[in-house]
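K.L.:
Here is how the chains run, residue by residue.
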Amino acid sequence: MHDKRYALVIDSRKCINCKACVVACRAENQVPLGHSRDWIGEEHRGTWPRLLAAFEPEQCHHCANPSCVRVCPTGASFQRDDGIVMVNEQDCIGCRYCMVACPYNARFFREDKGVVEKCTLCKHRIDRGELPACVETCPSKVRACGDITDPDGKLQQLLATREYRVKKPQTGNSPQIYYLL
Amino acid sequence: MPKIEWGMLIVNYLFLGGLSAGLFFVSALATYLPQREEASYARIARYGALMAPWPVAIGSLLLIFDLGSWQRFYKLFLHLRWQSPMSLGS
Numbered sequence: 445m446h447d448k449r450y451a452l453v454i455d456s457r458k459c460i461n462c463k464a465c466v467v468a469c470r471a472e473n474q475v476p477l478g479h480s481r482d483w484i485g486e487e488h489r490g491t492w493p494r495l496l497a498a499f500e501p502e503q504c505h506h507c508a509n510p511s512c513v514r515v516c517p518t519g520a521s522f523q524r525d526d527g528i529v530m531v532n533e534q535d536c537i538g539c540r541y542c543m544v545a546c547p548y549n550a551r552f553f554r555e556d557k558g559v560v561e562k563c564t565l566c567k568h569r570i571d572r573g574e575l576p577a578c579v580e581t582c583p584s585k586v587r588a589c590g591d592i593t594d595p596d597g598k599l600q601q602l603l604a605t606r607e608y609r610v611k612k613p614q615t616g617n618s619p620q621i622y623y624l625l
Numbered sequence: 005m006p007k008i009e010w011g012m013l014i015v016n017y018l019f020l021g022g023l024s025a026g027l028f029f030v031s032a033l034a035t036y037l038p039q040r041e042e043a044s045y046a047r048i049a050r051y052g053a054l055m056a057p058w059p060v061a062i063g064s065l066l067l068i069f070d071l072g073s074w075q076r077f078y079k080l081f082l083h084l085r086w087q088s089p090m091s092l093g094s
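Heads up: the protein sequence lines correspond to chains R and D, in order.
Per this note's numbering, the first sequence runs over residues 445 to 625.
Per this note's numbering, the second sequence runs over residues 5 to 94.
Honestly, I wouldn't trust all of these hints.
Claimed, not checked - So these bits of chain R aren't anywhere near chain D, every CB distance computed over 12 Å: (1) Cys462; (2) Leu495; (3) Ser521; (4) Asp526; (5) Asp535; (6) Ile537; (7) Tyr541; (8) Asn549; (9) Glu580; (10) Pro595.
Claimed, not checked - Ranges between beta-carbon positions, derived for each pair: (11) D/Phe28 <-> R/Asp571: 22 to 28 Å; (12) D/Phe19 <-> R/Gln600: 52 to 58 Å; (13) D/Gly93 <-> R/Asn532: 36 to 42 Å; (14) D/Gln87 <-> R/Glu555: 52 to 58 Å; (15) R/Asp594 <-> D/Leu13: 45 to 51 Å; (16) R/Gly490 <-> D/Ile14: 40 to 46 Å; (17) R/Glu487 <-> D/Leu33: 47 to 53 Å; (18) D/Trp86 <-> R/His488: 17 to 23 Å; (19) R/Leu496 <-> D/Lys7: 37 to 43 Å.
None of these hints come from the bench; they were simulated from the model.
Note that this is a predicted model, so its numbers are computed, not measured.
Cβ coordinates follow ideal geometry from the N, Cα and C atoms, glycine included.
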């Protein structure tokens, strides 16, 4: 019997930069202005008249080997059995070491609370059997969230259809957002 | 350019820590190296030892107040995480 692990599969080719996922996340999680738990990376390539704009959603990758959890001095940064990396606000002292350690700049500091925050994969929704807000709201069906260890699950089905990559694999963090190529 | 998380408070702490270490070191040299009794060596040893603890004490306070939730700084000493350099340092 295996432990389940939540992951995201992202089809960036379908992303239209509508930012509905950013808005949904902010609304669902009361993210304050000036910070975002998720964002759309923009890349502009080429020269006029052959131009290309590529959009790629980014957030916490809920890595299998998270460096942010390793460096946390109080253990406030921890990983659930299902792979979701969380911050325990009672134990967080706001030293921001995890922010320095994250290769994806996924974490931010909340000045009003004095603690560090990031995407929680909407665990409150997942625990109710719902999808994260960003996944549910995407009008272009860019995102898929589920159990990556399930051989018959929708994530494995998607990964079987196309080549995919993860970001910054050289860090050894084993990130769990898979970007379809 | 990534955002800077550890800024001037941390930089000052590092400087003050080195300052204290230097004061201790010079004081120790003046205590144990001289072959004969001499008032100037004794003075160096004495004042060095008296001045040495204060810069790093102030630096430690700066370190505590740099924390986002400084009132919880004691948690650094409650948990030991072998893989965290900050935990080992604490």
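K.L.:
Indicate, hint by hint, whether the structure satisfies it.
P.N.:
Hints versus structure:
1. Cys462: It holds; cysteine 462 of chain R is separated from chain D by about 26 Å at its closest Cβ, greater than 12 Å.
2. Leu495: At about 25 Å from chain D, leucine 495 of chain R clears the 12 Å cut-off, so the statement holds.
3. Ser521: At about 10 Å from chain D, serine 521 of chain R fails to clear the 12 Å cut-off, so the statement is violated.
4. Asp526: Check passes; 22 Å lies beyond 12 Å.
5. Asp535: Answer for aspartate 535 of chain R: violated, closest chain D Cβ roughly 6 Å.
6. Ile537: Non-interface label fails for isoleucine 537 of chain R: nearest chain D Cβ at 5 Å, not farther than 12 Å.
7. Tyr541: Given that some Cβ of chain D is not farther than 12 Å from that of tyrosine 541 of chain R, nearest at about 5 Å, it is violated.
8. Asn549: For asparagine 549 of chain R, whose nearest Cβ neighbour in chain D is about 7 Å away, the distance does not exceed 12 Å, so it is violated.
9. Glu580: 30 Å, holds
10. Pro595: 32 Å, holds
11. D/Phe28 <-> R/Asp571: 22 to 28 Å: 54 Å, violated
12. D/Phe19 <-> R/Gln600: 52 to 58 Å: 54 Å, holds
13. D/Gly93 <-> R/Asn532: 36 to 42 Å: Violated, since glycine 93 of chain D and asparagine 532 of chain R (Cβ atoms, about 21 Å apart) do not stay within the stated range.
14. D/Gln87 <-> R/Glu555: 52 to 58 Å: The hint (52 to 58 Å, Cβ to Cβ) is violated, given that glutamine 87 of chain D and glutamate 555 of chain R are roughly 28 Å apart.
15. R/Asp594 <-> D/Leu13: 45 to 51 Å: 47 Å, holds
16. R/Gly490 <-> D/Ile14: 40 to 46 Å: Since glycine 490 of chain R and isoleucine 14 of chain D have Cβ atoms about 42 Å apart, the given range 40 to 46 Å holds.
17. R/Glu487 <-> D/Leu33: 47 to 53 Å: 58 Å, violated
18. D/Trp86 <-> R/His488: 17 to 23 Å: The hint (17 to 23 Å, Cβ to Cβ) is violated, given that tryptophan 86 of chain D and histidine 488 of chain R are roughly 44 Å apart.
19. R/Leu496 <-> D/Lys7: 37 to 43 Å: Given a distance of about 28 Å, which is not inside 37 to 43 Å, the answer is violated.
Violated hints, listed in ascending order, are 3, 5, 6, 7, 8, 11, 13, 14, 17, 18, 19; each of the other numbered hints is respected by the structure.
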